[in-house]
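Colleague: Please arrange chains B, C and D on chain A, whose structure you already have, making use of the hints.
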Amino acid sequence: MSEMLVLLGIVLAAISGLPGMLLNRHSTTGQWLTTALAVLGAALGLGGVGAFWTTGDSQPVVLPWSLPGGEFNVAVDGLSAIFLLPIFLISLLGNVYGLGYWKQTEHPQNGRKLRLFYGTLTAGMALLVIARNGILFLFGWEVMALSGFFLVTTEDDDKEVRETGWIYLVATHVATLCLFALLALLCAASGSFALVPLAPESLTPGTATAIFVLSLIAFGLKAGIMPLHVWLPSAHAIAPSHVSAIMSGVFIKMGIYGLVRITSLLPNPPLEWGGIVLALGVVSGVLGVAFAVGQHDLKRLLAYCSIENIGIIVMGLGLALIGRSLGRSDWIILGLSGSLLHVWNHTFFKALLFLSAGSVIHATRTREIDHLGGLAKGMPWTALCFLVGAVAICGLPPLNGFVSEFLIYLGLFGTLGDKEGPSFASAAFAAPALALIGALAVACFVKVHSAVFLGIARSEHAYHDHESSPSMIGPMGVLVVCCVLIGLAPLLIAPILGQGVSAWAPDLKDAGPRLTALAPLDWITFMGLVLIAALLFGGGVLWWRLRHSVVENSVTWGCGYAAPTPRMQYTSSSFAQMLVGLFSWALRPRTHKPKELPLFPQKTDFHSEVPDTVLDEAVLPAFHFGAWLFSWFRVLQRGSVQTYLLYIFIALIALLLWR
Amino acid sequence: MNTMIHNTIHILLALMMPPLLLGIIAKTKALFAGRVGPPLLQPYYDLVKLVQKGSVFSSTTTWVFRAGPVVGLMTAALAVLLIPLANSSAPITFTGDLILLAYLLGLGRFFTATAALDTGSSFEGMGAAREVTFACLAEPALFLGLLVLAKLSGSLQLSTMLGSSLGPHWMTAGASLALVLLSWFIVLLVENSRIPFDDPNTHLELTMIHEVMVLDHGGPAFGMILYGAALKLFVFGAMIVRLAFPLATGYPWLDWPIFVGGMLVVAVVIGVVESTIARLRLTHVPVLLVGACLLSAFGIVLLVR
Amino acid sequence: MIYLLILFPLTMAAVTFALPSNRWRPWLVPVAALGHLGLVVAVFFQPGDGAAVSGLGGWLMLDPLGKVVLGFLSVLFFLCSLYAPGYLALRSDRPNRVFCVNLLVVLAMMTLVTLSHHLGLMWVAMEATTLASAPLLYFNHNARSLEATWKYLLIGSVGIALALFGSFFLAYSSLKAGLESTLLFDQLVQVAPKLSPQWLHAAFVLLFIGYGTKMGLAPMHTWKPDAYGEAPGIVGTLLAGGVTSCAFLAILRVWQICRAGAEAGFAREIMIFMGLLSMAVAAVFMVRQRDFKRMLAYSSVEHMGILVLGVGIGGPAVYGALLHLINNGLTKGVLFLSAGNIHRAYGSKVTDDVRGAIQRVPLSGALFLAGFLAITGSPPFGPFVSEFTIVNAAVGSGQFLAAGLFLLLLGIAFIGMGATVLAVVQGNPADHTTDNDYHDSIATSAPVLLFMALVLLLGLYVPPPLESLLREAAAFLAVKR
Amino acid sequence: MVQLLDPLLIVALALNFVALGVSRIRAVINAVALQGILLGIMPLFVHPEIGLRGILLVVVTIGLKGFVIPRFLTHAMREANIQHEVKPVVNFMSSLLLGAVGTGLAVVFSYTLPLADEHTDSLLVPASLSTVWTGFLMLTTRQKAIMQVLGYLLLENGIFLFGLLLLEAMPFLVEVGVLLDLFTGVFVMGIIIYHINREFASISTEHLTELKE
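Read top to bottom, the protein sequences are chains A, B, C and D.
The numbering of the first sequence is the working numbering, which starts it at 42 and goes up by one.
The numbering of the second sequence is the working numbering, which starts it at 439 and goes up by one.
The numbering of the third sequence is the working numbering, which starts it at 105 and goes up by one.
The numbering of the fourth sequence is the working numbering, which starts it at 16 and goes up by one.
Pulled out of the complex, with its shape left as it was, chain A reads as follows:
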């Protein structure tokens, strides 16, 4: 039942872009047909997920497939369901949003392509999530990856876009090659490509480690775990915003899914694995948000922030792995459910943020934070949505981000150990790290929200502000509701998370109830409501006081300076300057400042940027060196036929003397 609905949804999503391709590039019929198909498909898919949660039954669909080792075998389980919801939801919202954001009439040359691959991306992701056969998984994976490439390079007439797309393509292909090896190893161990838990005796420690490392690389590249994130920031920045939304919200989560799925297959993982994963999570979390603080491109900032949240998710997973190594089911439950819940939460608020950012960019035509300002007056709804997303992503109550981080905190504190059971106190140090991440996130989002929406416009870009069309605000509203709902009623999704955990650790059948026992989710609801009530009360009081007292309007007090100009506002860069300084050992900020001010200062300029350290100082140099090295081999082919014949002769002698 659920499988069928999901498959139907996949098919509809996959073909949703075709009608547009057949139609003329200027006709708007295509985009409506596409959106209709995509929305229908997504609705069916969501129906399938719902059916699974309500009935809890799943009949795997198994068909023979004549590829060597291939078998068409799909099934929905707790994990798949958790990942399916974001896929279909964001695809639905994104398509609707696209109607207003990427009108066919405004983008005749690439609108159809964009819609086509938006559909295939959805289909690929959904397929890979329900695939139970390695080959099928690989198919979904690559369809997703390639669609992602075409989406990133939607505007390939721009050089920057082309370079970004190229880096992305290389990264994703490396991941695919690692998957080749990984699946081959799995097959060698288990004798088939079926994605089923391996028997402990079937694989040597060496093989297990190889599989683990390969999955870390392959899925880490996709998820954007530091330092494998090199493709991510620019890709999210230059893609159209609803593409960024689905890429950052869902696409990179497929890496997480792969990691979760593969680790669920490997029997009794060694303690080091959990430790490594946890450490990677901490690194991604802290450095991700640190880089985010330094950015002044709105979408680049959000992209780095995705790396941070991936870090948090990975921390949860690491905790769960540690729990499995030490047989602490409570760590498994708290860590993994926190991680899975954060997958959802990040999907919701990050998509929300990207869509709001898109609405800003659509209005102002710039991503440069320091060119914006004061938009809250022109586009109040966008500003409100962005504010909700910002509060949520900082993990602040009463919104959803708090809940998942709360679970992970509980788990991390738990590793200190209590009366019974083993402890792993070094994991507990991740808790302060998480606190640091939270505080940095607050700094980051205070900066971006204020610089974009508050204060006064900093450039004429920001004077073009106008509220976006309902087709763009609507999807954002839905996401806002999701954020608030999860934040206030986490108990509702506890059973869903429980199913996910049970699917990961089959011996934990009662994960759902135990989760509610381990974490006081009811208290979160209560406190959330109390908080809202208190805020309303306080607001009411203030409002009442202001009603009954003299209120005047005036200019901001300039500390006595008579003629302040918009340029004098604190920019996002200046806001971040101290923090960037604190992390300069990792961020390597580049500043372009005038030599020294002459006696009579004239017009001069200063600007600073935080490029991606790993990409600029490790990856690209390595590639250029390789190319330089290879270029030396060209002397072997200088066009003289005599030399060529000599090669043959040498090869002949060499092989004759082989043994």
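Calculated from the structure, these hints are not laboratory results.
Built from N, CA and C at the ideal position, the CB exists for glycine as well.
Possibly wrong hints are sitting among the right ones.
What the hints assert, rightly or not - Derived DSBU-like pairs (lysine-lysine); straight-line CA-CA distance at most 35 Å: (1) A:Lys418 with B:Lys467; (2) B:Lys487 with A:Lys418; (3) A:Lys634 with A:Lys644; (4) D:Lys227 with A:Lys200.
To be verified - Short, incomplete list of chain D residues facing chain A, as computed with Cβ under 10 Å: (5) Val104; (6) Asn106; (7) Phe151; (8) Thr155; (9) Leu223; (10) Leu226.
Modeller: Relative to chain A, chains B, C and D alone:
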């Protein structure tokens, strides 16, 4: 019944006492400076005066500017309800309330800073930047300390972690607790923007943190901010007190005076610090905060090694 | 029947030669190809066992291996022939008599290679394909194509001469073993265990080098970039997909004898080594390659390496290699033909001038890109299946080093190739490149689409008949007789 | 009669050195042609009881290797009106030395080879190997295209010499096929040379280095 009464006392104390702390600090400093100084109850008078005043709003501001003080006050007020004061447990207590505490204050910070930036004034921007920056270093220190307490008490409820059970641990793990105490006192100073991090009553905007953030606020809103700040001070003060004197006399009614006394002591200590130490150069602040983190970290390492 | 397979194309060649009209002549090629395809199908579904399709007293025989290659060749040639009229119509300025005739002669000779069970005869046929394809390379009649043809001819002939030497050694090895010397494949396989190892060893090396030259394995590949770079796309397809496959078949035959004899392990080592070497050389030369047709040539070198490597690894990899023979050939069809179209549209084949192909010639541009993704082993295209089968077999049989290097080199090749392909496809075409009048037409793009469709089909599922055919062939190779 | 074979082989070897040592292309062509004729008649000595098809084979071989191909090459040479290989990659002296070394090695090597008993004392194998070697030398060290063709012919001759060991393995059809291929090959090469000459007004392969990385 008993808890009922205790909770009422808790709430009343928490709502009434905070401004007094400010008064005491001011008085102490005055005495050190050889002045008479303002009356102890001056903060209360200020609050009353502010609430009756009218207000002026900058035309650049939005609703966020008005929301800032409200959120700041209310989050602090809720935080107070999570802290155990005397040996009775706090009115609201559940597993992991320590995390909620930290994040409530975070929410407050988010909106205070945002409200500051709403004015578009570079001075307030500067203040907001410093506030959030220093918080990034204060938070880990706080959590490392909480790790120590959690390890000792084996619980994740502030009421237990800071409860009377803490007393015996001063014998066994005194070193760790002392380290945490020190680092938390530093956190208290920075979170409430006291000297050596910030000088609440200088009027040189460039040097201030908290004060400069609220330059444009006036009237009732400013009153809310002052009161919220006092509550925040009360929260951290209470944590320090619980950590420093967790002793239980056994007579609940005796514990309340002891606690109040403790709070007064803390206030005096703050006053002494403020009047004896010079304000740090802004660039040196992070060093001190990292130091605080290291202190707590060392505390937990001592414990789990 | 089996003679017809060879004689029919030859007679058609004669007819084509006779036909005066430069305009109508090209249409005979598809006709002949269709006829050949029909004959092949007829032979395949002819009742009775293999003996039914044999001739010249066992010199000609259609074994399962031959079936795979012959069927593939026929399809490949058919699709190419569909492209020929459209292409030659564009080149109506040039006389195309020699071109058409030689196309058909090449077809006949390739068929002969797949059928012949006599190494001498096979050698004659192979050399004949070289000679017959030389004029095809020289179709453009300019200095560059002249140079390419000369190198192709000389290097190819020398290499193939070595193959003849090797065949003699093989015969001598049987003579040395005191047997009556022979070059009949089946006899050699039977007596293989008795053959004198040293001579067999030397024979294998010579034959491997000889036919390897024809196949374009490094370091004997040097003629390839020049030849493929200068030849028309259709010829490139025929060489890269067809002639090389014949050479590979020849190597397989020799390998089969060695395998039956004492030299199996040695031959296997050599094949793995040469396979990886070819991949490495190709990868190195593909990086920063500005001429996209030369890049395709190196890609062909790489995939020849993959074929040999697959056989060297053995086990399921042999099946993978045979499947890859087909996938690679078809994908090369997509690449060479679309590259030819792009070349024609821009009048240049270096990335400095060629940009934004997907806007200038949308269909060819898209197909070129898709072909690139396919040939580099991305699902859901055919080459993925075969390449993955080879990796899997290597890992399964514990040859981790080979598997690792294989994947690494695939990665480098992807990077090298991708940079060039994207440079060609993406972006905006420079203005001066859009003035000539070439545009994708049915005649020039439909065959490419057909190729692509097949590649995609093979990626999504291997049709049962083909699968059984491949299994038979793999078994035929595996069996020790 | 077999004992008459070795003198012939000696002559053939000597012709290799002529081909290596002289710069006049005409002389090289003649040397190769003469070698072709020798090769043509050798089967009569190896297999005296050879029969009709042998005779036929002999005739065809002599015809092609001894007359048709040389004529054709001479013609091409005239077309291109060149007489000399001017500056080979390796000068004549050294190539002679190389050839000598190669021949020596070939002789030594062929004694280490596990030959069938009836061939152990025959010069056939060394001669064939050294001729192949000579062919390779010509191919890799000569600049003029026509010289490379001659090198190719020497290579083929060497292989042909080895083929004499196993005539019965090589049926008539195949032999003729081989010869036919050889002829066509040379013919096509000749055509190409003609075009090269027309294109570059020279047949030196220095001009043929346009296509490279």
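Colleague: Tell me the hint numbers this structure goes against, listed in increasing order.
Modeller: 1, 6
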